[in-house]
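Peer 1: Protein chains in written order, with my numbering: chain A, 1 to 306; chain B, 1 to 628; chain C, 1 to 355.
If you are wondering where the hints come from, they were derived from the structure by calculation, not from laboratory data.
Predicted model only: the values in this text are computed from it and were never measured.
Be aware that a few hints might be false.
Unchecked claim - Using 20 Å as the maximum straight-line C-alpha spacing, the simulated SDA-like pairs for lysine to any residue come out as follows:
1) B:Lys555 with B:Arg450
2) B:Lys57 with B:Pro2
3) C:Lys313 with B:Glu125
4) C:Lys321 with B:Ser345
5) C:Lys257 with A:Leu13
6) C:Lys257 with A:Ser27
7) B:Lys3 with A:Ser27
8) B:Lys3 with A:Met9
9) C:Lys257 with A:Ile199
10) B:Lys616 with B:Gln204
11) B:Lys502 with C:Gly179
12) C:Lys313 with B:Leu340
13) C:Lys7 with B:Lys425
14) B:Lys425 with B:Gln204
15) C:Lys41 with B:Ile399
16) C:Lys257 with A:Met9
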Amino acid sequence: MLTYDAYHMPTSLEEALTLWANAAEGSRLVSGATDILPWAREGRAGDVHLPEMVDVTRIPDLDGYAFEKGRIRLGANTVYQDFLTDVTLMRSLPCMPYCAIWFADDQIREQASLAGNLVNASPVADGTPAVVALNGEIELARLDGGQIVRRRVPVVDFITGPGRTQIAEDEIATAVIVDACNGFGGSFQKVGQRRSLVISVACCAALVKTDRDGRVFEDVRLSLGGVGPSPIRMIEAENTLRGERISHGLIEQVAQTAADRVGSRSRQDYRREVVVNFIRAALEDALADQPDIDVKFEDQEEQINA
Amino acid sequence: MPKLRIEAEVNGRKVDRETEPHKRLLDFLRDDLNLTGTKEGCGAGECGTCSVFVDGKLVKSCLMPAGKANGAKIETIEGLAKPGDLTPVQRAFHKTGASQCGYCIPGMVMAATSALRENPQADIEEIKERLGGNICRCTGYTKIFEAVEIAKGVIAGTVPETALEEDMVDDSFIGANVRRLDAPSKVSGRLKYAADMKLPDMLQMQVLRSPHAHARILSIDTSEAEAMDGVACVITAQDVPGTDGFGVFVHDQPIMARDKVRHVGEAVAAVAAEDLVTARRALSKIKVEYEELPGLFDPGEAMAPGAPVIHDYAQDNLIKHIPVRKGDVAAGFAEADLILEDDFSTQQVEHAYLEPEAGVAYVDPDDVVVVISPSQNISHHRHMLAEIIAKPINKVRFIMSPVGGGFGGKEDMIYQGMLALAAMKTHRPVQLNFTREESLIASAKRHPSRVHYRMGLKWDGRITAIEFDMLSDGGAFGMSSEGVMRKAAILSCGPYEVHNLKVDTRVVYTNNTPSGAFRTFGGMQAQFATESMMDMAAEALDMDPFEIRRVNMMKVGAKTHTQQTLETASLDRVLDAAEQASRWEKGAPRVRGATRKDLNGPDTRQPCTLGARIKKASKDSDESERVA
Amino acid sequence: MMTNRMKRGRGMAASWYGIARTATIDRAGAWAELDDGGTGKVVTGVTEIGEGILTVLAQVAAEEMGIRPEDVTIGDNDTSRAPEAAHAGATRQTYMIGNSVALAAREARNALFEEIADHWDVPVESLRAFNGELWAEDTNLRMTMEDAVATCKGRGVVPVGSASFTAHGTGLDPVDGSGSPWQAYVFGTQVAEVEVDTWTGEVQVLGIWAAHDVGRAINPRGVEGQIEGGVVQGLGQALMEEYTTEKGHAITHGFAKYILPTSLDIPQINCSIVEDPDPKSPLRAKGIGEPALVPTAPAIMNAIYDAIGVRIKSLPATPEKILEALRNHVPGREQIAQSARLERAEAARHQSAKA
């Protein structure tokens with residue numbers, strides 16, 4: 001059971017930063033609160049008493065999104081459901097709708113923010129690999145002599161381990177900045193015993209762009225979650241694919257390299273096998289998701305021609 | 001403690017209240033506003049019994065701090081329709097029988113309402129996705145889907161409103177689809193389950209549970225807890241006035257641990273206090289000294305010499321052994337053309353009724369101890385409690401509150417005794433509502449089982465002999481174990497006439513979570529093994545799986561495994577019915593999935609591929625842009 | 001080169017089950033009254049746990065009393081105010097309490113019929129009542145049940161009844177287990193169709209065909225509801241649910257870890273209700289609560305085998321377990337063993353034919 005003495009809902013970033021800087025030791029920042037309430041229960045943290053909770057969801061600065069030079073700055077109040085309802089976001093961030101649909105359920109998606117998911121830094125957080133594939137950065141703000149100071153950290157560096165990030169004590173996450181990937185196909189892979197409210201041992205996000213004919217990989221982004229303490233970007237695999245003729249054989253070959261990226265010791269055989277298949281499926285699904293392009297696999301064409 | 005002020009609009013009415021800052025929206029609705037149609041099933045956002053609308057968006061109110069409700073518009077199940085009225089969604093749930101125990105139903109109605117508000121044209125796949133955060137344990141969801149589709153049509157005007165009305169009855173109510181009489185109370189959230197009940201001056205109980213699987217209790221010091229402001233009483237095994245011990249077949253379980261604990265989660269002491277938070281804080285003030293004992297966790301080791309002994313009366317840890325013998329097994333195997341031998345196992349399973357255990361007890365003016373709880377066995381519970389509290393049986397009264405799912409899991413009297421003791425000690429009403437986590441560790445499960453199986457068959461498929469040996473983990477207490485073993489043994493070899501058989505079912509004590517009654521009472525564990533063996537036999541003999549069953553099936557006049565002569569038997573009819581309904585393609589079960597022609601029929605669903613709405617959204621936007 | 005990722009298959013399983021308490025005598029009591037306004041009052045010890053028994057009892061009482069189910073009030077579930085009906089479990093509610101309510105309601109109706117027959121001066125056997133109306137066959141005599149109750153009471157009689165219903169199971173012999181544990185048995189058969197994702201190990205059940213004998217379906221929709229619910233619990237046990245402890249400590253301490261089926265995991269469930277009436281009880285109905293889930297898990301495992309050639313003998317068949325089984329699977333091993341068996345079978349047939 002979670003108890004606390006005060007629940008603050010600041011209405012400006014400055015107010016929030018001030019409250020946060022003065023909050024008693026052990027106080028917590030919350031956005032959707034969908035992680036903290038289940039955490040403070042038997043079997044996990046048990047009964048927890050906190051001095052203060054500072055809720056950031058009423059801060060207008062953190063709402064909405066804006067385009068900036070090929071990138072999108074998503075305010076920290078952007079929730080998962082936005083990736084399923086906002087058509088602009090769906091198009092510009094093609095892996096996010098698939099990531100969102102696998103994330104919890106419709107109701108939790110209405111509350112749970114992407115930024116909060118990143119800051120919690122769970123090794124199996126769905127949002128992390130998707131944001132990493134989008135070259136995501138997190139924006140952090142703090143007060144310095146009464147002035148709001150912001151910095152940006154690449155998400156791949158920001159998350160340093162399970163529950164560990166580079167956020168400083170006095171900072172609040174204010175935005176997530178990602179590449180706008182219009183024209184890419186996106187996908188997200190996850191598996192569990194069921195299809196809703198799934199917690200997966202591993203997950204995988206992909207973004208793919210081909211030439212107009214659908215024959216050559218022009219750009220590929222691949223990342224894995226749940227295979228180690230922090231997210232993994234598959235840079236080598238991306239480089240291997242970029243510029244190459246698209247074929248099932250090549251995809252399979254690249255996918256095999258994912259097995260060795262599995263660092264988690266538990267359930268290793270399973271993870272190794274699943275991530276290989278995830279890469280295959282992620283690439284194939286992303287290729288199929290590309291708008292208005294019919295992909296031609298080299299080995300399939302050969303078969304047809306032969 | 002500073003208060004939190006909440007100004008909000010709840011079901012169209014302005015609310016301005018002060019409450020504790022740490023409350024969740026769920027607590028605020030249930031405790032402060034008495035809107036108990038919103039239920040707590042898990043407290044962790046995993047079940048959806050607490051779904052409500054906040055500013056038009058459906059959310060799980062157990063995951064929302066009440067502070068977030070300030071300034072918001074809240075709509076709960078009670079606010080969907082005017083009092084006494086029902087919405088088309090609610091009426092459709094009534095029509096199709098979509099509510100059974102009803103505990104998930106307010107949340108499910110909210111999710112269905114949200115699905116149709118978000119997208120009135122949602123297809124069934126999208127509807128299923130939008131219901132994906134709400135768990136129902138009773139209905140199998142099928143009647144719920146049917147209800148949402150009818151409601152969707154009625155709301156859209158494509159289906160006449162008469163579709164919501166009851167089917168006509170001809171000349172008999174027997175065989176008629178009479179609508180459930182209890183459905184309106186369930187779909188509207190009006191039905192009060194035990195956790196929804198409030199009595200004046202009522203105390204809240206919390207239970208201190210064992211952190212050890214097997215340990216001697218050296219001492220319990222409750223003095224600090226008892227001295228706390230707001231604590232009305234603390235109870236332990238010392239407070240039991242009569243003969244302590246309950247159970248379905250053997251009374252081996254004390255109301256609270258006596259001298260030792262036998263599983264993690266066993267009740268050790270309980271506090272009744274003015275409010276929940278005080279009761280929980282008091283638990284942390286109770287000091288229990290334990291001396292840990294070696295634990296027994298593998299049922300396979302329970303009967304080995306030197307294994308830890310869980311109950312003194314059963315030095316070999318055996319709860320029950322049920323033997324069934326028929327014919328001459330050796331001769332049967334000698335006669336066999338083919339002998340198959342294999343091992344099967346089933347896991348421990350939780351009932352997962354959406355309503356966690358809950359109850360209220362009080363002593364009435366005539367000194368009758370009254371316990372209100374969703375007990376599946378009030379008759380037996382009153383017998384046992386009368387002994388435990390040393391009262392004549394007419395001074396103990398059990399009332400069965402609406403049961404939010406049972407499946408056998410509410411047959412054991414695991415908490416009613418504590419409520420009665422606290423009510424007797426304080427002469428005030430006392431309520432105990434389990435958390436989901438508490439329900440998981442303290443209530444009985446389906447017995448995990450291991451079966452070693454030998455089956456002898458003739459080439460024509462006739463079974464000549466079966467040897468069936470089952471070992472089950474009963475966990476720390478006997479509960480229904482004996483009966484479960486008996487039913488498993490009786491049903492073991494399936495609905496087949498087997499002339500020679502040797503069946504043994506055994507259940508042992510361990511320090512695991514107890515096993516007890518669970519829908520099928522051992523029948524499914526046993527028949528899982530038998531029906532797997534039948535498939536393997538059919539493959540080995542190159543026979544269709546229906547045919548091998550027909551060759552062996554019990555008919556009228558057959559002698560069962562316990563040598564009862566059957567006066568009726570309908571296996572032939574159900575085999576025919578299933579074979580025809582499924583358009584079964586005959587053939588031996590030899591991995592022929594790739595070639596069979598009876599797959600993917602109109603009576604199957606398409607595989608779930610998440611995100612039907614994603615493609616649709618981008619397609620729709622393309623169209624709208626072209627129009628613009 | 002490309003193997004098919006998704007594989008489908010079908011399997012089936014049969015089952016049987018006993019109705020009411022096992023290997024013991026079972027009993028249930030009920031009281032009934034035909035009340036003012038032509039309504040009915042039934043009191044019995046234990047009823048609804050979600051299965052729909054209240055509605056079944058109302059149908060049964062209404063049918064016996066000649067009134068409508070919605071006119072029946074059921075007082076229940078109170079050890080100090082209602083007669084004992086034992087417990088809510090063992091697939092005994094319709095059988096035990098249903099029959100006891102039927103008999104009690106019949107007695108109340110008979111008490112009323114005696115008075116009305118005398119009042120109309122017709123043989124009591126000629127009276128019929130249904131849906132709130134009472135009439136004497138082959139006459140023009142007809143009245144509402146409301147008037148009938150008023151007439152009966154005007155003659156100084158409150159039409160009440162009570163009944164106890166007994167099922168005669170016997171205990172098992174401690175040595176050979178012989179005995180007659182139940183007086184009524186039901187049988188069932190289910191077919192499952194599955195799709196296995198060989199890349200992830202995920203199994204989706206796409207169809208279930210469930211045929212169950214229920215004796216007599218008092219409320220067919222309610223029977224379907226029980227079958228559907230049972231099938232989905234069976235599916236949960238087959239594929240996802242597993243309460244896990246480590247040295248006695250629960251790992252699956254909440255619903256995030258203890259995985260239950262949701263709306264996205266549900267096959268199309270096709271129910272076939274078979275009615276083989278019970279000869280030993282007035283209602284002739286048997287039951288369905290528990291038996292519905294018995295064949296589901298084995299039918300699904302047999303279907304998985306049909307799809308991918310691996311047999312899961314240890315439940316649940318999680319994606320991890322399926323992938324592991326596939327990893328260790330030697331394709332064709334079963335087929336090789338099979339052809340050896342068949343050769344032996346052929347040789348044996350040959351021999352016996354010669355003999």
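Peer 1: Which of the numbered hints above does this structure break?
Peer 2: Violated hints (numbers, rising): 1, 2, 3, 5, 6, 10, 13, 16; every other hint is consistent with the structure.
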